[in-house]
Each structure stands twice: as C-alpha cells, then as structure tokens.
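Number of protein chains: 2
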Amino acid sequence: MNQVIETLLNHRSVRDFEDKPLTWEQVETIVASAQAASTSSFLQAYSIIGVTDREKKEKLAEVVGNQPYVAKNGHFFVFCADLHRHAVVGEMENVDVTSPIESTEKFMVAVVDASLAAQNAAAAAESMGLGICYIGGVRNNLEAVRQILKTPDHVLPVFGMAVGYPASLNDRKPRLPLRHVYMENEYQQDEQLYKKQLEEYNEIVAGYYAERTGGKRRDTWTGQMASMLEKKARMYMKEFVAKIKMNIR
Amino acid sequence: MNQVIETLLNHRSVRDFEDKPLTWEQVETIVASAQAASTSSFLQAYSIIGVTDREKKEKLAEVVGNQPYVAKNGHFFVFCADLHRHAVVGEMENVDVTSPIESTEKFMVAVVDASLAAQNAAAAAESMGLGICYIGGVRNNLEAVRQILKTPDHVLPVFGMAVGYPASLNDRKPRLPLRHVYMENEYQQDEQLYKKQLEEYNEIVAGYYAERTGGKRRDTWTGQMASMLEKKARMYMKEFVAKIKMNIR
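Protein chains in written order, with the UniProt record's numbering: chain V, 1 to 249; chain Y, 1 to 249.
Here chain V stands alone, though its shape is the one from the complex (with noise of 0.2 Å):
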C-alpha cells in the first residue's frame, strides 16, 4: 500500500483542534492541491475562502450551529460553488451566459468542481499531519453566512471545512458494505438483497456503537438515517439557492 492510499484510508473527522495557525506555505499548498483537481470543461467553478479573521470565525461557528471548532483550529476554508466569475466572463466577452449559469447543470458542475478541488484539499492537509473536518453547517443559515463572506449572485458556499493539528483523534465509522455502495454493469435489482445488506450493516454499527459505549448505545444505521431525515432539515435550500440565481432553469 503507498503513502497515498494509506492517507485516504487513515481518514477521520477531526473535531478537536490545537490553537496552532497553519503558515502561509501550508495553506498555499492546500489550495494548490485543490487547484489541481479535475474541473468540469476547465470552467473551475469555484472559490475558496479562507477565513483568519477572529471575529468572522467566531460568528460562523456561531451560524453554523455553535460547532466551536468552526472558531477553534488553523485555518478554516469554505468552499463555495461559483458561477459569478462566468457572470463576469459574459461581460467581458460581450456574451449573454445568463440562461447556461442560471442552470440546473451548471449549478450541479459548480457543486462538483468546489468538491473535488476540496477532496483533494482534505488529502494534503491531511498528508501533512493536519487533521480536517467537513463543515455542512454553513448550510443551516445560509443567508447569514452569505453576509459575513459578502458573496455576490451566483455564489453559493457549500461547506466549510476546518483545518488543523489534532488535538485528539477519533475513531473511523464503518463504511456500507463495499459490494453495497459499488454495483457492476447495472443498479441493483433485487431489492430483498439490497435491504439484507444494510441490515447486515446495521449489525456492524451497532456493534461499532455498542464497542464505544460500553453496550450502551446500539444506533443502526437505518434507524439513525430514518430519524435524522424525519426532521427535514434546509427545506428553505431551493427558494435560497434561487435567489442567489442559481439551479432555476
């Protein structure tokens, strides 16, 4: 196994960060490796940015839903879908590219673009001995987060993602069955299967759980996914992400 592997293997969420900034050269590396990343018709719908400001960290951890380490780690980035710059593009080139950036397709390129470019942000972050966490929170109050980073139109931030050295580390969650989340030559048909495999799943979750816990909890997967989806969380996403003029055509 080389290094590489072993580093996508070795992921974990780290939640827990030590008061440490990272340096101008660590970050420079990150967004270089971010850049790197495949991009959709090399459009590079995306920005990032990065947030040092103490106050600005501080109120984002508060509007993502009071998670202190969004305020607490060495450097915290959003990654944000971006289709303002194509806006400009239009203008420069004399070109109307409204009906294109207003797009259903180009709203999922921009989300894929800012994704990929920060996959590969985790992945060097985490090859230097940083440890990383996604940050879906920013999705919870999106027209705050809007007004702390002053995004224009066509700019939609899709997470956060807290960077840093790792004051503790937690364990790796199970993953779905690797014949379960990868099918050949076509979706799986047989139902019956498919539901036997995540309830063999659930076995392996809630003994994950009961493992940490001392027996205590013995959550199953399907049980905590049918819980969480039952609160219907960011139902106002579409009527938001249609006012930034996004995803409406």
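Honestly, the hints are just simulated from the structure, not real lab data.
Now the stretches of chain V that chain Y is said to cover, found in silico as 3 or more residues with beta-carbon under 8 Å:
#1 8-20
#2 44-54
#3 96-109
#4 177-187
Cβ-Cβ distance ranges computed for the label pairs, FRET-style:
#5 V:E28 / Y:Q3: 12 to 22 Å
#6 V:D53 / Y:N140: 37 to 47 Å
#7 Y:R179 / V:A167: 23 to 33 Å
#8 V:N170 / Y:K216: 46 to 56 Å
#9 Y:S99 / V:Q147: 24 to 34 Å
#10 Y:N140 / V:N185: 15 to 25 Å
#11 Y:M1 / V:M235: 39 to 49 Å
#12 V:Q189 / Y:Q192: 55 to 65 Å
#13 V:E230 / Y:E55: 36 to 46 Å
#14 Y:P152 / V:K232: 21 to 31 Å
#15 Y:L9 / V:A167: 26 to 36 Å
#16 V:L178 / Y:P152: 17 to 27 Å
#17 V:K232 / Y:R179: 39 to 49 Å
#18 Y:E186 / V:L169: 29 to 39 Å
Source: prediction; values computed, not measured.
Quick reminder that beta carbons are idealized off the backbone N, C-alpha and C, glycines included.
Following the hints, position chain Y against chain V.
What follows is chain Y alone, placed relative to chain V:
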C-alpha cells in the same frame, strides 16, 4: 513535498489507455479509497457502478458523445448521487422520508458525496500509476444512461470515470491564479481587480496553447468559456432531475 501532494499536483486527464483491464484488487482498492472520504451526516448518498460488459461500454461511449476512451480503458466507473438507498431506509424504518430526499438540500448532499468519493478514487488510481478521466458526458443523455445502467428514481449518474494504464500523457493545463480562486475573509469586492486577474490569466492560457500549436492557437480562457457557455448545453437537466424525483422541493 510528500507523495500525496506530488500525486495530486501531478494530475492530468488521460484519454488514451492501453487495452489492459484492472484487476479486482485494483478496483477494490479504488472503491475502498472512495468510501473512506467524508460523507455528509454519515448519509453515504452515492453509489458507484463499474461497467465491465463490452456491449454496455460501447453503448455508453456512443451516448456520451462518441468518446472512444469510455469503451477502451482499464475500468469504467459511473458515480451516482444516490438517495434511493434512503427511500429504502424510510420503508424499512416506516418513516416518511419523501420530502427530504426530494429536496434541493439532499440533492446537493448526494452530488457532494459522489464527488468526494470520486476524487479519492482518482487519487488512489493515480497513486498506483493509473490514469483517469472524468466523463461529464454521461450528462449529455441521461435518459439513455439511465436505461443502460437501470438506475431507479432518486439515483442520478453525475459523471463517469475512465481508469486505466495511460498510453499517452497530456500536459497539465494552467489553473486560474491561486490568489483569484483563494480569497481571504470575504469574496473579492473589487470587480476591476477581479477582471484584471482574469486578463492576466488569459495571457497565460493563450501562451500555453500557442506553445503547443506553434502559435496557431491562441485561445484565452474567458473567450473559451464564453463560446462554450453561449451554446447552452444540457438545459434539459432541471426537468430530468425532477423526473427522477430529485431537487424538486
């Protein structure tokens, strides 16, 4: 510079593969690396379909827009945003999850999850001396792709990935200036500076093409983007995604 960062920075798309299939061990390592990526709220909202059947590969190569490397490679993966699994979870747990899994928020989550997994797969493959190419062309005709792969509702093939032994290598295209993609504390408010950065980048891109064509081609980035966006590709996406019950509320 460690091996991880070296691998990431050295990425270029490969569109010309030797006719040599990957071993199951290689496929397994790539998929396991993909699964090790972060996933929003443990949702694991993606699936990976490996296409090995010769006839299906030929058909896919055709419907994505005659890209021969979709058929000729070491292995062809299709990364899907997948919320069907969560529909099944709702059934198993007797909870109504319709509205969240059909939301724009969960559509984004699934696209992000598929992308993070894919980028890990790409890095793992490249670390083993393989080349990769993302195939956004699967979105050219999703109705056909859906029929070939028999994907149910709530499953969207987002992109393919051809993996294999490189028969020839492309150059790395220069990326946007780091200080244009990366901003600090707030989005760039100075539109004039923003445009100036794009003009400087235009020079770099034009130089890149000129050097490789003996001066014949001198495309700028903004010019290339404008003529591409003018074509308004894949404007059927909003409707298609709604048809498979994603991104509708």
